[in-house]
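One-letter residues, chain by chain:
2 protein chains.
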Amino acid sequence: MANMQLEATINVLQSIVGPERVSAAQADRVQHARDQSSHAGRLPDIVAWPQTTAEVSAILRHANEQRLPVTAWGAGTSLEGNPIPLFGGIVLNFQRMNKIVQVHEADFQVTAQPGVLYKDMNQQLTRYGLFFAPDPGANASMGGMIANNAAGIRTVKYGATRDNVLALQVVLANGDVLRTGSRSVKQSAGYDLTHLFVGSEGTLGIVSEATLKLAPLPEHFSAVTAAFATVNQAAEVVFNIIGAGLGPTALELIGASSVEMLNAEEGTELVVAPNLFMEFSGASEASLGEELKLVEEICRAYHCQSFQAGVGREARANLWRARHRMFEVMVRTFPGYDYLLTDVAVPISQYPALVAAANEIMTELDVNGTMVGHAGDGNLHTAIFFPPDDNRGRENAQRVNDHLVETALSLGGTSTGEHGVGLGKQKYMLKEHGEVGLNLMRQLKATLDPNNILNPGKVLAYDTNWVIIPQ
Amino acid sequence: MANMQLEATINVLQSIVGPERVSAAQADRVQHARDQSSHAGRLPDIVAWPQTTAEVSAILRHANEQRLPVTAWGAGTSLEGNPIPLFGGIVLNFQRMNKIVQVHEADFQVTAQPGVLYKDMNQQLTRYGLFFAPDPGANASMGGMIANNAAGIRTVKYGATRDNVLALQVVLANGDVLRTGSRSVKQSAGYDLTHLFVGSEGTLGIVSEATLKLAPLPEHFSAVTAAFATVNQAAEVVFNIIGAGLGPTALELIGASSVEMLNAEEGTELVVAPNLFMEFSGASEASLGEELKLVEEICRAYHCQSFQAGVGREARANLWRARHRMFEVMVRTFPGYDYLLTDVAVPISQYPALVAAANEIMTELDVNGTMVGHAGDGNLHTAIFFPPDDNRGRENAQRVNDHLVETALSLGGTSTGEHGVGLGKQKYMLKEHGEVGLNLMRQLKATLDPNNILNPGKVLAYDTNWVIIPQ
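Protein chains in written order, with the numbering used here: chain E, 1 to 471; chain V, 1001 to 1471.
For reference, chain E alone in the conformation it holds in the complex (with noise of 0.2 angstroms):
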């Protein structure tokens, strides 16, 4: 932004949201230049931070006129470049919109605003015994998950973000408030404009307000861990386990390089091999002793090489507490590395091609990875680690995602079950929604957002003359 620009904005933002809430600090700037991704960060010209709807609808409707690109920050923690300010302007970051509007209890519902974070918001929901159900592993914020759909090891039984969002509030380009969908969990008036706005990645309008499917917190857990000699074996009980309608509430699998990990930083005692980690939720613990019967008669028959069922509350948390670190676990391992997260998902009957062809050409390239992935749902990370300054390493990690994604969708599945777009997938979206595709899509930004205020450069622009990303 020229300087006289910037200046102006600033005046008008402030006289929007006040002065405090107003920022071009570089400390600020350098804050929301980049998410949690290895993609390179670009500054914002300016950092606001809104306190009500009124206040982003004030903005938007300034930015429209003046053709400001506006993106909104939630917890910074995605994995694809989503929230970078690729083009500069304004970002919009939702912290002081944080609040859980109204607890529905009676109907398991929440409304809460955009910049709420995934655990305080399940933190305060314990005392009604609901909780979120997607749970993305990091503490993103509810605007992040709404925006990139995210998901994670509860999808399996509770479905992603999307699954669960009945209404929202959406400020659009031109700062007019929509409001879509309604609390009743069974909706057939008219387009479904909530479903357009989940995981459009802030680029078709910015919500200021969802209101969201709770579920009953469990009583009675119990969690599973079992070996198994090869790949192949996890995912047809994977499959037996999901025909069987147990319904379980978490279906992970952990490859053995990530188990050798685990045991090796966490301390576990895990079989070095393709561990498949397991919960189980029911209404009475002699309902769940029954399923953890079957359970363990389907883990038999496909060999498995351990099987550890524990039920109540520590077992389960001792098991996710492990899951969860899987992460950090990584980065403690390579200290110092870049790094490239893959996010390919497939039907789950192609989920042992997918992981073999990770496997295979992750040996071929002799890559730093491991695996990980949320077996139920057929999503599959790698994690491929490199020193920044490894070019080679770089090229590499990249070929294993071009290979992995063009595997996916050879199987009939996608280049990103949870992480969304961003930066790094737009080369993939032409081959995955042919050109009718991608055109319609354009179609709808260029409907929602015809100067091309919002969140640019993401999503579609990859490739076209639409919109060239800067380098």
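Derived DSS-like pairs: lysine-lysine, alpha-carbon spacing no greater than 30 angstroms straight-line:
hint : chain 1 : residue 1 : chain 2 : residue 2
1    : V       : LYS1213   : V       : LYS1119
2    : V       : LYS1099   : V       : LYS1119
3    : V       : LYS1119   : E       : LYS157
4    : V       : LYS1213   : E       : LYS157
5    : E       : LYS99     : E       : LYS213
6    : E       : LYS213    : V       : LYS1427
7    : E       : LYS157    : V       : LYS1293
8    : E       : LYS213    : E       : LYS119
9    : E       : LYS119    : E       : LYS99
10   : V       : LYS1213   : E       : LYS427
11   : E       : LYS293    : E       : LYS157
12   : V       : LYS1099   : E       : LYS431
13   : V       : LYS1431   : E       : LYS99
14   : E       : LYS119    : E       : LYS157
15   : E       : LYS213    : V       : LYS1213
16   : V       : LYS1157   : E       : LYS157
17   : V       : LYS1119   : V       : LYS1157
18   : V       : LYS1293   : V       : LYS1157
19   : E       : LYS213    : V       : LYS1157
20   : E       : LYS293    : V       : LYS1213
21   : V       : LYS1293   : E       : LYS213
22   : V       : LYS1157   : E       : LYS119
23   : E       : LYS213    : V       : LYS1431
24   : V       : LYS1157   : E       : LYS293
25   : E       : LYS431    : V       : LYS1213
26   : V       : LYS1157   : V       : LYS1213
27   : V       : LYS1213   : V       : LYS1099
28   : V       : LYS1099   : V       : LYS1157
29   : E       : LYS213    : E       : LYS157
30   : E       : LYS99     : E       : LYS157
31   : E       : LYS293    : V       : LYS1293
So, partial list: chain E residues that the calculated Cβ filter (under 8 angstroms) puts toward chain V:
hint : residue
32   : HIS104
33   : ASN149
34   : ASP176
35   : ARG179
36   : LEU193
37   : SER200
38   : ALA244
39   : GLU290
40   : PRO347
By construction, these hints were calculated from the structure, which means they are not laboratory data.
All residues carry an ideal CB built from backbone N, CA and C; glycine is no exception.
Since the structure of chain E is already known, use the hints to place chain V on it.
Okay, now just chain V, sitting in the frame of chain E:
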């Protein structure tokens, strides 16, 4: 259509689908003039029976060039006038595109053509131990279910049609063939085009193929009926059953007058009071037995007047036979009458208030009415019967509808939970969505169907300059 245009269009359509698959015969036109609602019919000019997506594409391309209305037709079982060809033109009957394209057994998915009927499809899926769960009661077509986001008695457990569509092939207004989504259950790759089409009632594009989520057929069932002194008590039980995480596969409210009809016409011996019809399924009889104990405990805590639980297929079949005959029983009770079916839905905490409002207005206006509801979803249907020539009866039925919609909206709900907007709900759209929402829907319609050829006059048309509904 003027005669010359009619002849020319018939010629073009015949060249696309073959002479025997195009008709302008009165009998065929009459069969495609109205659905199962009481809305007045309108004859199409031409009916065509395409057999491939390519044929649908060629027809739409021509219709778009010539600005001819095109309305898709499935089984004609919709309840809100959704497929009535309001401006004549071409009706595309999908009866010849009724194949299951592929059962993805190991993924619990099916790819099917839009003309396949719900019951036929599930019949064919039985051998795989799978079923498509949203049960609309009627033997609807899959295309119709997708168009209207249909739902039914199993939605409390498995969601509505919207929640079970993974990927679509859609023919756009200009004939382009779009593919949305993928077979991965998790998808975060760009805008959610799939759900833009689900529930759009054929006004944004015409679905020519769909990939749907299936559920494993449960092996163990129990069926429960329980009668309560008041609807409030029944509603409390609904809340507590869901809150306990019991996961019912159906949770239906049958109003006292409906129970009376069932007893009289079907020989059931239910206590004449608000009844809950419930179904539970489990991985084993043992775990199911444990759950049933909890269900009974909850019902007794709210002083049920009767509690009957049966385990097994037969108990289940008997229960749903009675429930599914409800509509037929009502029609038999008022032979030759017209009817208006309401379809409002609210957050479940507001269900008692909604039911009370329905009771009150029906009593006040002294209508011939009855009430059944998908209580677990907060969805309430009333059926108001009146002789065809009884204008006051018709007006009163409409007053019931108006009052219930107003009540539902004020309670945070929707004018239509599962029947769609069609003709009868258009007048409520502004109130339900606000100007910003309705304008955005119109912009989307204009973007996707700029010449307004797709099922014109539906969803968004009422009381606007955009399209005038003909008398």
